[in-house]
Structure formats: structure tokens, C-alpha cells
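> Residue numbers (the working numbering), protein chains in the order written: chain R, 1 to 339; chain G, 340 to 676; chain P, 677 to 1205.
No wet-lab data here; the hints were simulated from the structure.
These numbers were taken from a predicted model, which means no experiment stands behind them.
The C-beta atom is built at its ideal place from N, Cα and C for all residues, glycine as well.
Mixed in with the good hints there might be a few duds.
Short, incomplete list of chain R residues facing chain P, as computed with Cβ under 10 Å [said to hold, decoys possible]:
{"id": "1", "residue": "Ile98"}
{"id": "2", "residue": "Ser100"}
{"id": "3", "residue": "Val106"}
{"id": "4", "residue": "Arg155"}
{"id": "5", "residue": "Gly205"}
{"id": "6", "residue": "Asn206"}
{"id": "7", "residue": "Arg219"}
{"id": "8", "residue": "Leu268"}
{"id": "9", "residue": "Arg273"}
{"id": "10", "residue": "Gly297"}
Cβ pair distances, simulated, as ranges [unchecked claim]:
{"id": "11", "chain 1": "R", "residue 1": "Ile181", "chain 2": "G", "residue 2": "Leu538", "range": "54 to 62 Å"}
{"id": "12", "chain 1": "P", "residue 1": "Ile746", "chain 2": "G", "residue 2": "Lys672", "range": "53 to 61 Å"}
{"id": "13", "chain 1": "G", "residue 1": "Leu382", "chain 2": "P", "residue 2": "Lys1064", "range": "35 to 43 Å"}
{"id": "14", "chain 1": "R", "residue 1": "Gly214", "chain 2": "G", "residue 2": "Thr662", "range": "53 to 61 Å"}
{"id": "15", "chain 1": "R", "residue 1": "Ile185", "chain 2": "P", "residue 2": "Lys851", "range": "53 to 61 Å"}
{"id": "16", "chain 1": "R", "residue 1": "Ala37", "chain 2": "G", "residue 2": "Val534", "range": "48 to 56 Å"}
{"id": "17", "chain 1": "G", "residue 1": "Lys672", "chain 2": "R", "residue 2": "Gly214", "range": "49 to 57 Å"}
{"id": "18", "chain 1": "G", "residue 1": "Lys672", "chain 2": "R", "residue 2": "Val20", "range": "46 to 54 Å"}
Read off the chains here:
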Amino acid sequence: MTAALELGSGESGDNLLARVRTVLGRRTEGRAVALLAVVAVVTAFLEPVVFTSYPVTLGRIALIGLVALGLTAVILMGELDLSVASTLAVSGVVMASIESLPLGIVAALLVGLMIGAANAFFVVAVGINSFIATLGMLFFLRGSAFVLSNEEPVRLANRDAGIAFGKPFLGPLTPRMLLFIGAFIALQVFVTRVRVGREFYAVGGNREAAYDAGIPVTRRIVTGFMISGFVAAMAGVINTLERTAADPTAGSTVLLASFAAAIVGGVLLTGGRGSIFGTLLGATSLGILQVALTLSGVQVDVQNIVIGLVLLLAVITDPNSVRGVVGSVRSLLQGRSRA
Amino acid sequence: MTDTSTKVAVASQPAAQLDLSERDFRPIDWLAQRGIFVFTTVLILVAAVFIDGFASLANITDVFNRAAPIGIVAVGMTFVVISANYLDLSVVAQVATAAVVLIGVSNEYNIVAAMALSLVIALTYGLINGVAVGVFDANAVIVTLSTTFIGLGLLRWLTGGSIYFGPPESLIRSFGTTKIGPFPLSMLVLILMAVLLSLVLTRTNFGFLVRSYGSNRAATRLAGVNTAWVVIGAFMISAIGAMIGGFVLAAFSNTAVSSMSTGFDFEALAAIIVGGTSVFGGRGSVMRTLLGVVFVSVLTNIMVLSGLGFGYQQMAIGALIVTAVSIDALARKATLS
Amino acid sequence: MRDDDHDHPVGDGADPNGEPIIEARNITKSFGGAVAVDGVGLAVGAGEIHGLVGENGAGKSTLMRVLAGIVTPDHGVVSIDGVDLDAGNTRAALDAGIALVHQELSLVPEMTVAENILLGSTPTTSGFIKVSEQRRIAAEALNEIGVSVDLDEPIVRLSVALRQFVEIARAVARKPRVLILDEPTATLTPAETDYLLDMLQRLADRGLAIIYISHRIPEIFRICHRVTVLRDGKLVDNIAIADTTPDAVVDQMVGRELKIEEGQRREALPGSVVLSAEGIEAHRVNGIDLQVRAGEIVGLGGLVGAGRTELVRSIIGADIRSAGDVTITTDKGEARVRTYRSAVNNGLAYVPEERRTDGLALTMSVSDNVALPNRSELSRAGILSRSKIARRAQELAEVVGLRPPQVQREAGEYSGGNQQKIVLAKWLGRKPAVIVLDEPTRGVDVGAKAEIHRLIKELADNGTAVLVVSSDLPELLELSDLIHVVRDGRIAGTLDGSVADEKSVMSLASGEATVSGNGDPDDLVGSAQ
């Protein structure tokens, strides 16, 4: 055979440095790492207690991160699930309304799966943009949560189980954290090692090519929405257990933080790019940020401002659009005179 | 694919290109185009006959009072929807801010200062949303979601979440209480806004560009249009609508608090979409949004009169949005296939 | 014209067994009345590389899509080893061993090389990806075509050339018996092309049947054993390469004795330079100078993928250019234009290649579309005058011959030819100093085509500088006063429109007339993004 044509991909090389650069160049978590570094360093100086009281911080990260993980699965396919916030509320209310705890949990998780399937139906079968479909669903479910709960928090019948649930279970880790870690590992394996999950990237990255290659795109989208619904329901269950009551208004701030975590983590809104690990980093930086702000005595309102700003910056600094932005800004500022 | 005999071809092709035969009638098209007129009429008739108290003067005035601020927000937001940018979620923050500023600043200083400050805030919202979406090409839902949180956060932080009460005698108060027959003044403002914005959308250069941009971005850009300004303009109009909606809301209750506009985002969106403006962009009208506002307000009123609470109202409006968009999407599919 | 007796070509020396692997008989396919492929047959044996040539629109791609089961033919059968395949069944074609390498790349940018090679057929055990198996198959496929690339590199970080090779590896990994390649060298440098051609020969030596579509005649003569020539959907010839010459094949592709029959060339009286572009460099454009004078029609010829669209888009500022100056000179003075909008404001009109996505707002009325670039003329103080718009649109609709001239109709309701007339009407209202048209009559019926040609000529006669990109050779020759032939992002040659013929353009475009191998060695190194 003739010698292979050297069509090297640019930065390949044998020395360690070049190899490290190649590996890093493939990653999509750049912004999350930057944010995490800044947040961690500043916090370490100004509010070191964030790290010494790490159970609190870890709890917050789990709170933000869980919903973000489910969202990531959907966004990877270029779709969006705004209904997660209400899914969380509805599933919590459903769970608390049922006397038996195990039955309640199962029912709540089933509700999450059903909501995911309904979202997927509107997106796939009817052909509505997922932004609008899940927005409608967000309102519908929020209403359902109010109706089911008679507009007030529903107390959990089995309060002891809830109290036990909030206690450390393994070392300093509460069951919530363990579930979060479990969900992270499961999804990380799913999108990197399982064929179905890996094909999410194909569905988001080049849907046409995915169809041509015989990937069942519709089924993948349904799976993605069901994952997102299931994870949001799981977050609802955990919240309800920890608070020993289900709040029909729960979840509205989670929406913002979890979107911020996923987008900061490098998940491209148009699909095909991002990682579960990136979302974890995003959630970690936002968790540390929130706890640091709380411990510094900053009000919740200001925290919302900060997280809103983080999300706004993350969504406008998407690396792919930077070049286009330079052009747009130039065009915008250019004189409007006519010849 | 040769044109060796083009002249012959031209001569022998008298009516071959007239393939513009009327499309077959399809129920889904009718539903998408005309359904709202029938539904609104039927809804009002049914309510008048079956719902106790619906047809009373007091109730009709109440419907108008509640419909006006949402309607004003909706007619403004229609521009964002037509420009194919989904919606402006941040109207929730904008309405509350305008209401609080109007009452709070009027109490401290005077109404002119309050309105001037509100205008500056509204233009800032329009500019930030518009630049993020139009220049940075970011997704409008996510952008306006974050500006909602930033805006509401700022408002609550600065006001400490307190409620502002207007004085019992003031210009604002008298505006809020004056009626012409069953019509509160706010309804007049809504109609004025709708007529004005309808003219802007259909008659002006800018409105034309919004429709054109919503219909086809690339073609609009390639016609030499500075499309960033079109998007910024659409968000500006949405912001001004939200500001006036906030004023009217504050005048009606003569109080203002940061939580008073909860639900304005999706009630406005429901009105726009039910009215027949397409979320796919390009198609829509301000006057139809007005019709959508009537529908949504009457529906809400019926639910209130029937004793169905906030939860049911939200469910109904969520279902309404999904249904209306589904009809739009299915009609579109049928047309394309 | 030679006849259809070639439906059952008999393999010659190039086909050792004499029995074809793949055979297509009497394939006919029309799209909405237009016949794309008309009773064509084709047979390819093991070890044979079969060239398929023809002008744009001759039916090559449609025929290949029929073979691959993507398109269902109206008539005709495709068989493998004498067994007829289910028509229009992509899966059946794949299972029978037919692999098609598309003209447009169909890879997933963020997935790795190994994953892309096995996309859709990822090996798994109970749902989990067998990574080592995946890597092994991918490595084997890459090894088979002799390309070394990191299996874990995401596609997005590969050069265009490497992506093309990964695409081929993907086809090879399916262990096909028939490999179909549609213009695989369109985006490659000469050295990369050399490599690809050698590789195909090696694959053929191992017993694959290869169908190779290319505009580039020298490539056909270098590797193919037989060549099939299509013209206007019909089979013109199927001949052993040894029995023909490049000249004869080009003649058969073109197939016209007379350059122009009905559409008359006009007498050009070019004035001063209106559009001037110097040293233009951009994506797939490598330093081009270009001038267009008032009243002159300059044609840009070349193969699909030669960089013509990229060239005009970077000149007018619709795409970003990395270097180069563009000036538009009108009676109002000379203006350097950097952005697209400043070009339009200085008298540019642009009729884009993709009229449905870039040219028209299909859900808006004809009059609204026409009004779009003419807003300032049709409005006063920002208020549009509806009566003015309607009148102007009606006027322009009649000028361009829109049928029926009902300007309140939605643009999307009109046929392709009429839509293109609407795009022209948009710009005619501005009396542009320079108009750039990219494939102005693609997908347009003959009648509308003649009218569009008439309009373009009238524009030039009235002093507009015209720049036309066209893959339609008769059109290029009929319209152009000067023809630049673009190849690999450079101007391969310039011809006087009055003496140029299809052959001279085709020779320059396909590289037959220039020395090959002028590729920059740097081009071989795929640029990481």
C-alpha cells in the first residue's frame, strides 16, 4: 500500500504538551471552567466558609444541578424543555397527595415521564417549536399544581421519612446528593457510552444526517423529553421529602439556575454540542456563587439578578456567534446614510 | 435543460404558468384563519345565557378593567411575535416596574418625573433585549427569561418588596376611576394603542420590516436592511406597551407592588396566538390580538364567575396556547405538503 | 445523436468476469413534468470504475439516487447480481451493498471520526457501545482507504478534505460491493485529488464496482475503465475509455453544433468600471481580481464547488472576506464598500442562488416583496404608501412579465420562474448600478428563462454592470461579454464572450486546459478550527 496521505488535523503531535492541547481543544466546557475558577478563587478569599461548610454548598449544587442534567439531554438534541419548573411542582404535589410514600414517589415519577411524553408529542407529532410547546405546558402544569393542591402547600403524610431523608446518609452526603451524583453518573454514561444517548448528539448536530444514517430521530426526541420530565419529577420528589411538604409554586427560580448551569456548561442551545460534565461544572459554579452570596448576607433578589446576568452573558457569548457578532456590531454602528 | 428553442417555447406556453388555482378548502385552514371570530362570539353568547352575572354592567366594566392592561401589553408584544422571536417574557418585570415607578415616584416627586423615568427604563429593556437577540443572535426566550429575573430582582431589591399606595385624590386615581358608559378610560387607551400600533405595523416602513424580517430573515438582510434595528425596534415597542400597561394597571388599583403583573407574559402571549398571529413569524395583526384579548379575558371572567380559581385559569390559558399553536402548526404543515 | 441501444452495455476488458454486479435497466424519472432521467441503463462489473459525466442537470445525480434507493423511479429496475431490488428502498439498497458518498457532507460535527464512520450502525451489547469494536471497524475502514486520522477527533476540527475522506471511510466500512461517489473532488486540492483517485483504483483492484461522477474530464480519463455520458436525461454514449478521447466526451456532453440558436447575443458597449474587486480572499476564494463595466455582462463559469458563489458573496459583503478591496463607482462618486448594506446603498442589487430561502419572503405578497428594497422611494417620513406600492409592484410585475400579474398574491404561490421574476422586480425598481445574479435561471422553465435573459440584457443595455454566475453553459455564453472561469477559488482563465464556446469553458473549468498540481503544499494540512 502506498504511504498514507498526511492530512493531519492540525495540532496533533507526540509530545505531551501538544497532546494536552489536542485533548483540551476538543472540550466544550471552557466557559464553565473559567466561571468556576473565578467564582472559586474569589469565594476562597472573601467567603472561605463556603468551602468549610461544604455540605450546604453541595446541597445547593445538587438542587441546581439535578434539573439541569435532565435539561441537558433535551438541549443536546436542539430542543428545549421550559416545563421542567412546573413538572417539579406538579410531581411534588402528586406525591404529597398520596398517603403511601412509596406509591406517591412512583406516581410522581410516572407523572414526570407522562409530561415528557406529552411534550414530545407536541414537538414531534404536531410539529410545534419546543420553546412554545413547553412554555404552554409550563403554564398548564403550574395551573394543575395549584388546582391539585388547592393553592396551598400540601403536607407530606409521612413526615418522619422526610426528616430522615434530609440527614446525612453516607459520610456528609445526604440522600439528595447521592441521588444527584447517581443521576450525573447515569447520564454521563448514557450520553457517552450508550448508543441511544450518544445518538442525541447526531440528532442535534445534523438531524438530516441522523435520518439518513437510519437513526430513529423521533424516538430519540421522545426519550430525551422523558428523561427531562423524569429528572424534574425526581427533583420534585426530593424537594418534597426534604421540606416534608409540596409547594405548588416551587421551581420558578430553579428554571433560571438550571438553564444557566447548562448553557454556561457549554451546551449549545441549537443542539449537538455540550456535555453532562460541563453542566456539572456549570451547576457547581452557580451553587458556590449562590451560597457565597447567601452567606455574605446578599438577598435572594440580588442573587436572582446575579444569576440572570450569568445566564444573559452565557447565552450571548456563545463562541460560535462571536465572529458573527463582530460583523453585526460593525453593521449596526455603520452610518445609515444612503447614496 | 437547453434553451435552443426558447422563442417557440414562449409562444407555446400561454397559460401553463397559471397554476394558481384556488387551494382546496381545508377545515384546518379555516380554523387557523377565521376560528377566533366564531369562538369569541359563541363564548360571549354562551356566557351571556348561562353564566349568572356575566351580562351585568358591573361585570362588563370589570372585564374591561382587567382586559385593558393585558391587552396593551399584548398589542405591543405582537411585534416581537411577528418578528419570529417567540415572545418577550420580561413584560412581567416591565409592567410591575412601570406601575411601581408611576405610583412611587409620583408620591415622592411628581407624575412627570415618574413617567420620564419609566420611559427611560422601558427603552433600556427594549435595548438590552433587542441587542441580545438582534445583534448577538441569542434565543429570545432565554434572553427575556434572564432579563425578567434581573428586572424583578432589581425592583424587589430597590423597593424591598413593599406596596405603594397612591393618594386618594390624584390624577392617576381619577384616570383609573373615570368611565364612559361601561368603558373605563383604560379601555380607550387600549383601543388607541391598538389603532396606533396597527397603523405602525401595516403602514410604516418599520412595521413592514418587522413583518418581512419575521417572514424571512435572510431575504430581508439581503435586501440591504439593517436587521438589528428591526429586532431592537420590535422589543422597544413591546417595552413601551408594557410600560403603558403598567401605568393603566397602577391607575386601576391605585396601588403598585412588584408581584402585581404575575401571569401577564402568558396571558398576553395567549391573546396574541389565539388572535391568529403565527409564532412562526411574518403573519399577524394587532387588531386580531385585540380580538384575542377579548377571548382570553371573557374566558377568564367566566371562570372567575364560575368559581374556578387561579389554578384553573392558568391551566386553561396553557391549554389555549398549546391548542392555538397546534392549529397553526397543523395548518402550516397542510399548506407545505 | 447516438441511440438508446446501449441499455445493455457489455463489459469489456475492464470487467474480468463479464457479469455486472450492479445493473440498472431503462430508468426513467420525472419531477413535476420535467424528465430528469429518460430510459437510461447502466451496468458496472467487479473491479470496474465507471465514469458518469454530463452537464449540470443532465440527470447524473438523480440516476445515482435511484441506484441508492433514495429516489423511486417511474420506470426501470435496479439489480445486484441479477436480483432485482425493491425500488426506492434505501435500506434494501444498503443491505445489497450499495453505498453512496453524497455530494453534501452528511457528518455530525461534534461527534468523533470513529462515531461518524459507524453512525446508524454503532455496534452495541445490550445498548452499550462496544467502543473497541467501533474503533476497530473505523480504523479498518480508514486503513482500507489509507488515511490516517485520530479516531477521537471531532469532525468539526477536521479540514474539509479530511471530512470528505471520513465520508468515504463511512461508505467503505459498510463493506459495500458498489461504491458511488458524487463529485468527491469538488472541494479538494490537486494533491488531495491525486490521493483520492489512487485510492479508488486500489479499491477497484480489490473487486469493488465503483461509479464515479465528476465534471473533471482528466480525472475520468485517469481512473475510469468506461464512461457513460448523459445529456438532458438521456444516455448519449457508454464507451470504453480506451475508445474515446477527452475532446470527444466533452463534445458529447455539450452535444450542440451551434452555440446559440434563438437567444441572440447583444452588441455590448461597455462604459467605465462600476464594480471593482481587488485581491479578494475569503473562504474558498484565493485572491481574485475582478472588474465589471457599465453596460457589460461578465459571466463567472466553472464547476459546482469551484468557489463562484463564495466569490460573489464575499465581493458584495454578504460573507466575510479576509482580504481585498471592493469599490463601486457611480455618477455619485466612488465608494469603497465593506459591508453588504453599504454595497446595496451604493447601487448594488443581488439575486441570490437560493431564491426560496434568501431571495423571497414566501408568505408575503408579491407587492410586499417588491417593496422591500424600495421602501424609501415608496414611503414618506416612514409611512408607506399602499397605493404607491401597489402601483409600483404592478408596474414592475408587468416589466418582468409575471404571470398572472396579481401582486396581492403570496410569493409562495408562484412557480419557480415567476418567483425569480419577482426577485428581479424587487431590484429593478432601484435602477441598480451593478447587479449580481447567482444561477438566475436554475429550476426555471424555458419560457421564463428566455424572459429572464431578456431582462438581464436590457439591464446591461441600459448601462447596468452585470455579474452573472451560471453553471448553465448556453446561458453563460449567450449572456456574457466576458467570461471568467473559476477553478479552486482562482480564475483559471478569461474568455471573450463572442469567441468562447462550451468546450473552451468546460476545458478550463475541468482543469483539462491548465496545468494541474499547482496546489499549495500547505493546503494538505487540514486546518484546525
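> Hint by hint, note whether the structure agrees.
Structure-based check of all given hints:
Against a cut-off of 10 Å between C-beta atoms, the interface hint on Ile98(R) is violated, since the closest Cβ of chain P lies about 32 Å away. For Ser100(R), the shortest C-beta to C-beta distance to chain P is roughly 32 Å, which exceeds 10 Å, and the interface hint is violated. Restraint check, Val106(R) versus chain P: the minimum CB separation of about 24 Å is more than 10 Å; hint violated. Look at Arg155(R): its Cβ only gets to about 41 Å from chain P, farther than 10 Å, so that hint breaks.
Interface restraint check for Gly205(R): the shortest CB-CB distance to chain P comes to about 4 Å, inside 10 Å, so the restraint holds. Annotation: Asn206(R) was flagged as interfacial toward chain P, and the flag holds, the nearest CB pair being 5 Å apart, inside 10 Å. Restraint check, Arg219(R) versus chain P: the minimum CB separation of about 13 Å is more than 10 Å; hint violated. For Leu268(R), the suggested interface contact is upheld, since its CB lies about 8 Å from the closest CB of chain P, less than 10 Å.
Satisfaction of the interface hint for Arg273(R) is found here, the shortest Cβ-Cβ separation to chain P being roughly 5 Å, below the 10 Å cut-off. The interface hint given for Gly297(R) is broken, as the beta carbon of that residue sits about 42 Å from the closest beta carbon of chain P, more than 10 Å. Between Ile181(R) and Leu538(G) the Cβ separation comes to about 59 Å, which falls inside the hinted range of 54 to 62 Å. Under the hint 53 to 61 Å, the C-beta atoms of Ile746(P) and Lys672(G), about 23 Å apart, miss the expected range.
The supplied range of 35 to 43 Å is met by Leu382(G) and Lys1064(P), whose beta-carbon atoms lie about 41 Å from each other. Our hint of 53 to 61 Å for Gly214(R) and Thr662(G) is violated, since their Cβ atoms are close to 34 Å apart. Checking the proposed 53 to 61 Å range against Ile185(R) and Lys851(P) shows it is violated: the Cβ atoms sit about 36 Å from each other. Ala37(R) and Val534(G) have their C-beta atoms about 55 Å apart, which keeps the hinted 48 to 56 Å range intact.
Taking the beta carbon of each, Lys672(G) and Gly214(R) are about 24 Å apart, not inside 49 to 57 Å as hinted. The hinted window of 46 to 54 Å between Lys672(G) and Val20(R) holds, with their beta carbons roughly 50 Å apart.
In this structure, the earlier hints numbered 1, 2, 3, 4, 7, 10, 12, 14, 15 and 17 are contradicted, and the remaining ones agree with it.
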